[in-house]
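Asks: Here the structure of chain W is known, so what remains is to put chain F in place on it, guided by the hints.
One line per chain: the protein sequences are W and F, in this order.
Take the first sequence: its position 160, counting from 1, is numbered 160 in the UniProt record's numbering, and each next residue is one higher.
Take the second sequence: its position 84, counting from 1, is numbered 84 in the UniProt record's numbering, and each next residue is one higher.
Please keep in mind that the hints were generated in silico from the structure rather than gathered at the bench.
Careful, some of the hints might be misleading.
The list treats identical chains as one, so a pair stands whether inside a single copy or across any two.
Listed below are the simulated DSBU-like cross-link pairs for lysine-lysine, each with C-alpha atoms no more than 35 angstroms apart in a straight line [said to hold, decoys possible]:
1. LYS90 to LYS13
2. LYS13 to LYS226
3. LYS199 to LYS22
4. LYS84 to LYS110
5. LYS199 to LYS74
6. LYS13 to LYS83
7. LYS13 to LYS84
8. LYS153 to LYS83
9. LYS84 to LYS2
10. LYS199 to LYS83
11. LYS90 to LYS226
12. LYS22 to LYS83
13. LYS74 to LYS13
14. LYS22 to LYS74
As the structure is a prediction and not an experimental result, all values here were calculated from the model.
2 protein chains.
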Amino acid sequence: MKQIESRDNALFKSFVRAANGKSRNQAWLEGVHLCQAWLQHGATPPQFAVFDTSRVDQSVEIQALYRAVPDQSKVLLASGLMKKLDQVEKGQGVGFIVAPPAAVIPEHIKETVLWLDRVQDPGNMGTLFRTAAAAGVGSVYCSTGCAAAWSPKVLRSAQGAHFSLTIHENCDLQALFNRLEVPLAAMTLQGSVSLYQAKLPHHIAWLAGNEGQGILPALEAIAQLKVYIPQASDIESLNVAAATAICLFEHRRRFLSGE
Amino acid sequence: MKQIESRDNALFKSFVRAANGKSRNQAWLEGVHLCQAWLQHGATPPQFAVFDTSRVDQSVEIQALYRAVPDQSKVLLASGLMKKLDQVEKGQGVGFIVAPPAAVIPEHIKETVLWLDRVQDPGNMGTLFRTAAAAGVGSVYCSTGCAAAWSPKVLRSAQGAHFSLTIHENCDLQALFNRLEVPLAAMTLQGSVSLYQAKLPHHIAWLAGNEGQGILPALEAIAQLKVYIPQASDIESLNVAAATAICLFEHRRRFLSGE
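The shape of chain W in the complex, shown without the other chains (with noise of 0.2 angstroms):
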């Protein structure tokens, strides 16, 4: 078990870039929900399991924690270190520093995926995470120019989605195509077929774009399936969550149903 005194201290340091978001190989997990979704879903224990020293005792939950986690990844914070590192106004006095499980790509995608062209928010990107986990999608797949996947708001969003997911980031979607063995299905607002008319396939990559500018034309143009939501005339198009959420669960509908 580590303490720690002084903001000047270099492990806490490294925990201020990964809350920042600034670490590539660390994400900081804030609060009691996502740090019980970890040890729920996590094959390893945090690298470091950090309680502001005032308030271990504070709840049953931080305490179960506390249980749960081996002492050399304990590091107690004195008191006022931690509000360097809550994300949220009234931080809950606990956080993970976990490495993001790496994902390899397979060479074949073969399973219901969903595919995230450059979407900026996120908020959304958190959401649509939690909508792949909660419709049975296991793999999502974000091209460069998406929110980064293990930020602190992101993960704060995706409520633990995280960890029931293979998130592969940086990805080049045009290239990735070619080991695309179920048909692509963009998400867009004039597409060829509704949603409702669409025939589907058992198993199919969902394709979701950018906030204001929607998916790449030239990753459109290969999609083999163009859907659109009917939605009131003369209305804004809904949210980028919103629209793969009825598209996510339309597709399971259908296939929960035998239809």
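Replies: What follows is chain F alone, placed relative to chain W:
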């Protein structure tokens, strides 16, 4: 037309209050898109159309807005002042001050509506508005405890959906239940019926709850229908805005196809 040079100007100070969500009677519509949407849907010109003097000629869109509003609404801000109103990092140099439309709750609620119980996150609120508008739902009822509907963050996230909806704020939803002439359908984690098996009437009041706590038990208890979304097991529940998108569009799908 007015010109404001000083940050001590009383009118400018009132703009700052509105831009910070601190005004009860005025909302700040920031950026080209929201201003265009207001003009497209709004019955009245904005109270004030605020332009950064140095940027009026910077884009065709801003010039068009400048021409579209009456002279007495126009306010030109000296450079530097606009930054005090910008809620996003790179403001566009234009915004409208408007009075949120007054909404009178009907004696009898007979159409499909969306009820929100203490939805706290402004991004979720805005996405919910955007989804409701896209699904053709005309009215949203927000309980006391919801994020302020006309705050800048909710406006930004809703992308203009406010102007296609009738938005009721600070509602006592339990008291309003008496006015409801359509079934109230609570979206819950452990509902009694799967969304995909539920009989959904043509007109329905969808009820979504708080991000952490869900729907108030007393309110859930009076709902005629409780539906859950069948999702992958052992996975964190869906985000409230994603879950609502799935329900609203499943409902829309059924009546689009005449099912």
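Asks: Confirm or reject each hint.
Replies: Going down the list of hints, with the structure as the test:
Taking the closest pair of Cα atoms, LYS90 and LYS13 come within 35 angstroms of each other both inside a single copy (21 angstroms) and across two copies (30 angstroms). With identical chains, the CA atoms of LYS13 and LYS226 are never at most 35 angstroms apart, being 47 angstroms at best within one copy and 49 angstroms at best between copies. Taking the shortest alpha-carbon separations for LYS199 and LYS22, neither the intra-copy value of 43 angstroms nor the inter-copy value of 50 angstroms comes in at or below 35 angstroms. Taking identical chains as interchangeable, the C-alpha atoms of LYS84 and LYS110 are never at most 35 angstroms apart, the minima being 44 angstroms within one chain and 52 angstroms between chains.
When the C-alpha separation of LYS199 and LYS74 is checked against a cutoff of 35 angstroms, the pair qualifies neither within a copy, at 52 angstroms, nor between copies, at 52 angstroms. When the C-alpha separation of LYS13 and LYS83 is checked against a cutoff of 35 angstroms, the pair qualifies both within a copy, at 13 angstroms, and between copies, at 33 angstroms. In the homo-oligomer, the alpha carbons of LYS13 and LYS84 lie at most 35 angstroms apart both inside one protomer (10 angstroms) and across protomers (33 angstroms), since each shortest distance falls under that limit. Taking the shortest alpha-carbon separations for LYS153 and LYS83, both the intra-copy value of 16 angstroms and the inter-copy value of 25 angstroms come in at or below 35 angstroms.
Taking identical chains as interchangeable, the C-alpha atoms of LYS84 and LYS2 lie at most 35 angstroms apart only when both belong to the same chain, with a minimum of 18 angstroms there against 45 angstroms between chains. Taking the shortest alpha-carbon separations for LYS199 and LYS83, neither the intra-copy value of 52 angstroms nor the inter-copy value of 50 angstroms comes in at or below 35 angstroms. Proximity of LYS90 to LYS226 under the C-alpha cut-off of 35 angstroms is restricted to the inter-copy arrangement: shortest distance 33 angstroms between copies versus 44 angstroms within a copy. Proximity of LYS22 and LYS83 under a CA criterion of 35 angstroms is satisfied in both settings, with 17 angstroms inside one chain copy and 27 angstroms between copies.
Taking the closest pair of Cα atoms, LYS74 and LYS13 come within 35 angstroms of each other only inside a single copy of the chain (16 angstroms); across copies the shortest separation is 50 angstroms, beyond that limit. Proximity of LYS22 and LYS74 under a CA criterion of 35 angstroms is satisfied intra-copy only: 22 angstroms inside one chain copy versus 43 angstroms between copies.
Hint compliance for this structure: hints 2, 3, 4, 5 and 10 are not met, and every other hint is.
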